[in-house]
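The chain contents come next:
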Amino acid sequence: MDPTMGNPMVPMTAQIPVPVAQPIPLPVLTRDSYNSQSLGRSLNGNVKQARVLMVGAGGIGCELLKNLVLTGFGEVHVVDLDTIDLSNLNRQFLFRHEHIKKSKALVAKEAAQKFNPAVKIVAHHANIKDAQFNIEWFSSFRIVFNALDNLEARRHVNKMCLAADVPLIESGTTGFNGQVQVIKKGVTACYDCAPKETPKSFPVCTIRSTPSQPIHCIVWGKSYLLNEIFGASEDESAFDHSVDGDNAQEIEELKRESAALRKIRNSVGTEEFAQMLFEKVFKTDIERLRSMEDMWKTRKPPEPLNYKDLLEKAKSLDKEKVLKDAQKVWSLEENLVVFNDSLERLSKRVLESKNAGQESIITFDKDDEDTLDFVAASANIRSAVFGIDRKSKFDIKQMAGNIIPAIATTNAIVAGLCVLEAFKVLKGHYEQAKEVFLTPFANARMLASDKSREPNPDCPVCGVYQTRVFVDLEKATLNDLVEHLIKTDLGYGEKDFAISNEVGILYDPDETDNLEKKLSELGIKSDSFLTITDEDDEEPFVNVVIAIQEAKEPLGDKPVKGILDPEDVKIPLKPKKQPQPELVATPAPTNGNSTSNGQNGGVIDLDGDEPMATPAKSLKRGHPEDAEGPSVKKIKANDKAADDDIVFIEDSAGAIVIDDD
Amino acid sequence: MTEIVMDQTPPLLQGPSEKERKYDRQLRLWAASGQAALESANILLVNSGAGTVGVETLKNLILPGIGRFVIHDNALVDEADLGVNFFLDDGCYGKPRAQCLASLLGELNPEVEGDWSPKTKNDSLGSLLKKSPLFTAIMYTYPINHVELESLEQYSKEHKTPLIAIHSTGFYSYFTVRPPGTFPIVDTHPDETATTDLRLLNPWPELVEFAKNMTKDIDGLDNFEHGHLPYVVILLHYLDQWKATHNGAYPSNYKEKTEFRQLVRDAARTDNPEGGEENFDEAAAAVLKTVAPFSLPSGLKEVFEYEHKDPIQERSMFWIIADAVKVFYTKHGSLPLPGNVPDMKAQSKVYVQLQNIYKTKARKDAAEVLQTAQAIAGAGREVDPAEVDLFCKNAAFVKLINVEDGGDATPLGSKERLQQVLRAEMANDQVAEMTLQPMSLFPIYLALRGLAYCGNASADKTQIVEAVKSLLSDDLSSEEYGDLKEKMDNVAEDLARAEYGELHNISALTGGMVAQEMIKIITKQYIPIDNTCVFDGIKSRTQVFRV
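Heads up: the sequence lines are chains A and B, in that order.
Under UniProt numbering, residues 1 to 661 are what the first sequence spells out, in order.
Under UniProt numbering, residues 1 to 547 are what the second sequence spells out, in order.
What the hints contain is simulated information worked out from the structure, not anything from laboratory work.
Misleading hints may appear alongside valid ones.
Partial chain B-side listing against chain A, Cβ under 7 Å, derived [stated by the list, open to error]:
| no. | residue |
| --- | --- |
| 1 | 22 |
| 2 | 108 |
| 3 | 208 |
| 4 | 245 |
| 5 | 249 |
| 6 | 253 |
| 7 | 295 |
| 8 | 344 |
| 9 | 348 |
| 10 | 498 |
| 11 | 499 |
| 12 | 503 |
| 13 | 512 |
| 14 | 516 |
| 15 | 541 |
| 16 | 542 |
Virtual Cβ for every residue (Gly too), placed ideally from N, Cα, C.
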């Protein structure tokens, strides 16, 4: 090498004596020379032997897989349910145009494999919640990496890793923001130790009868109108029609309205369909609403529209030109053009699948132009009816599609941080593990790291004692569990306790009917979880979660067998209630740009005026330099929402929550 | 010379809507204007050493769609490259690294044009710079040789091209962003709630009249009308009332503001079915934030007081508009009105009227600034009204980067500057334990500089430390440095062990950070770092210095 190499910050005229090194022959470089030099032989060896799982092959996943492969991790399993979309290509660099609609997991494996033949990559194009990915399977990994984009899947992996006692490295990004956290059972806080923000919610009557903001009309177009006309068979259970004094009459009316709308559904594809639908929802229904004088005492009443008049005015418009301009706020007439055109496109799809003998169900997808056009146009027409501002298609896409901005750079930073935390996990140095946040608007540092939080003793997920039991599912009864495991091995003795699962209480001192039933009759399978709640008032055990495992070999005389020797079972006592619980800010689930369970359950910034989702942080660790502080206001809002009845309407592109007041 | 190196041509995107869909997730951050700037960017990477960090940076620029890139790299691909660089495969062994990288990186985005150099023995960086279309920004990685570095610095000076230096070795890295001279940013993307400017303490006649009209018989309004007075109107009304009883003065300190807030709260009607009024709640909540006298924001103050050293820079559009805004400020004592009105409880019709009053004033202010700017620019130079509008909307948040400090401060890039920063950092370290601050990362930066200075992969700990001493002309043993020697030894030892090798993961992470800053520079949106960011991969920490 050239010993005279200079440095830009030193003026070349400054003649500083340069220490000249004797040229020494370089050692022969091999593929992992650099890794072995810098990581040290022991860590490098650990890395090579590690078998790791990566859940999600999206934005963070692509980066992370590359880093894992080049860091030399021995075996990497990749699980992702999603397929590749055009809008992924601006950052998910393992994918190309020709891969659109193919499995993310499989294509990512193909692309990454050739760069390090020594690493074994196993791809699963599947939902991480599938039964095949059981606790035993999770426990076969040294580390699990979450590179997900939704709350539900994150929570599931968190729970499985706690049950299998495998360290989890959790990460997420939103635009320029991102975060990484290490989760190790009993050592650091788990994903659910801090409450998570729930999606924003709207009262049913606001959506259906008294909208006042653009988002109300967008939710109406997406979750009501599109669903009723093209969606899955009407999902009665999704709406809570529970009646209280104030809204009883209106809820009844709304039911009748929906029923009438569903009738129109049969006319999909006929020539009159557009007019029928338009007159139903923008004239008849509006006239009925308008007639309810009480409703409009303090509000501006809606104005019904006349289809024929509007169509006449829209005649001269150039459809292609209108459709092309997604950034412009369309006029009422332009919206009618898009409404009719998208309706025609959607109807055609319905007829085609009907002719092919298939049931046709169209659900909203922000990247499906037909559904997006339909929702944008119907939302805007409804806005016009109610005197609300209209929005451009571009904006409606973001609001309806729960779009979280996502870029390559943020993902690169976060994925790099994940691997650095993985090194600490491999060395067992949990005390050095960090919770790292990107602080993109604090220009003095860009990253902020904190010591990992300690587990929250009141956490419903990890503040419990977890154990596993092998069970002969053919024979074992609930009583077998009580007598041969809970009272004996787990040491409950004569304590009062209750057993419950996600359905409800299976057993307590007053509810003994189920004792003689077989576990299989109670719907308990391998990898089911049961929770034991100690009902003693004094010195109760923490809740115990038992993971049921199907016995692979005969268990002998008893049909149940705990995984631990009774002497090793040490269930802690419930912590005494602190007078002042620690104040923890709501962490916003962020976005890994990949979907492993087919749903986008992340935070929905529905009205677009909330600040960007802030990474999880607790108030006592506020960062003075941060442009965005912890969002205290949001906690309040959530508490309020939690008191109300909440109805979920789920669809492919996000959970919109409607709370029924 | 514009030979495209892609050996396959995937389909180009059909029409604007398909491109919009592909870039959808980033358009939401920097909009069409930012995207257009990216798409016209021509980026040069001068790659050397282990060669990963520059490539990872470039990848993060090609994905979002820069227009064109060129890689200059003198190396041939060896076995170690294959282990650390994702964009090289077994087939590349022994070939020119620039060629292989350009080809594999080009595949990431068929809309980006890629080229490489040197292609023949006679090609050099100097000849590349001469014959290439103008570069938008240039990045180089250490250990770059000094001949090449000098030609880059020359080019940067001549063409006003931003230079970005990147160094990644082992667990450590840093990068330095050097825009050519003072770099102004108008589109800083402030938090939307911060941009609200309601002008409650210096309302203009149209707004005063509108508010007066609505509140002239405030007690005679029926409950519906009273409950739908926009909070702007409520506040203007009660501010008038306050002034009447306070010698014409507005509430000025915290105590007075809370008193005023109580006045507003007490004015809400409670004898209605709701037992209160949402619009009055909104008004009370807005008091502390919106009832505040105007003061010139620090960023803009710096712009107004800036002394030009470069006559060409002075004639740039930013400075012409800035001067026009200064004229406006001097004349009116306020900035052009941004014109946005936050959502508030009001009758739709009234809210729209209110919006129009603000918008009309904003347009009038912008027109005045445009006229002044046009006069400053002189005949033959067209001032873009859109640029003026953007400036007026963001005036309070305009920011200058890479400003040379005046007075006693040592110039950026000098040895004295290094010494100055080092002294300040080490002084902080002495009290770090007491203030619960983490230790400075400056020794890492110095050690990396020392390593680059040695320019030798087999430099040992002692040589690196000696090089740092030469750089600083200082023996590091001064008492005020505390245990700097020990810190320096530790970092130097880590670096020596790495033998100038890169860890892919550290370089990938650094590449993410560098690309992020380059996107800010190219799009002139968001505020880039000023000017050096050091990353410690052992502690997962960064620190930013001005050196």
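Consistency of the hints with the structure:
| no. | hint | in the structure |
| --- | --- | --- |
| 1 | 22 | holds (5 Å) |
| 2 | 108 | holds (5 Å) |
| 3 | 208 | violated (26 Å) |
| 4 | 245 | violated (33 Å) |
| 5 | 249 | violated (32 Å) |
| 6 | 253 | violated (24 Å) |
| 7 | 295 | violated (20 Å) |
| 8 | 344 | violated (12 Å) |
| 9 | 348 | holds (5 Å) |
| 10 | 498 | holds (5 Å) |
| 11 | 499 | holds (6 Å) |
| 12 | 503 | holds (5 Å) |
| 13 | 512 | holds (3 Å) |
| 14 | 516 | holds (4 Å) |
| 15 | 541 | holds (6 Å) |
| 16 | 542 | holds (4 Å) |
The structure fails to meet hints 3, 4, 5, 6, 7, 8 from the earlier list, while all remaining hints are met.
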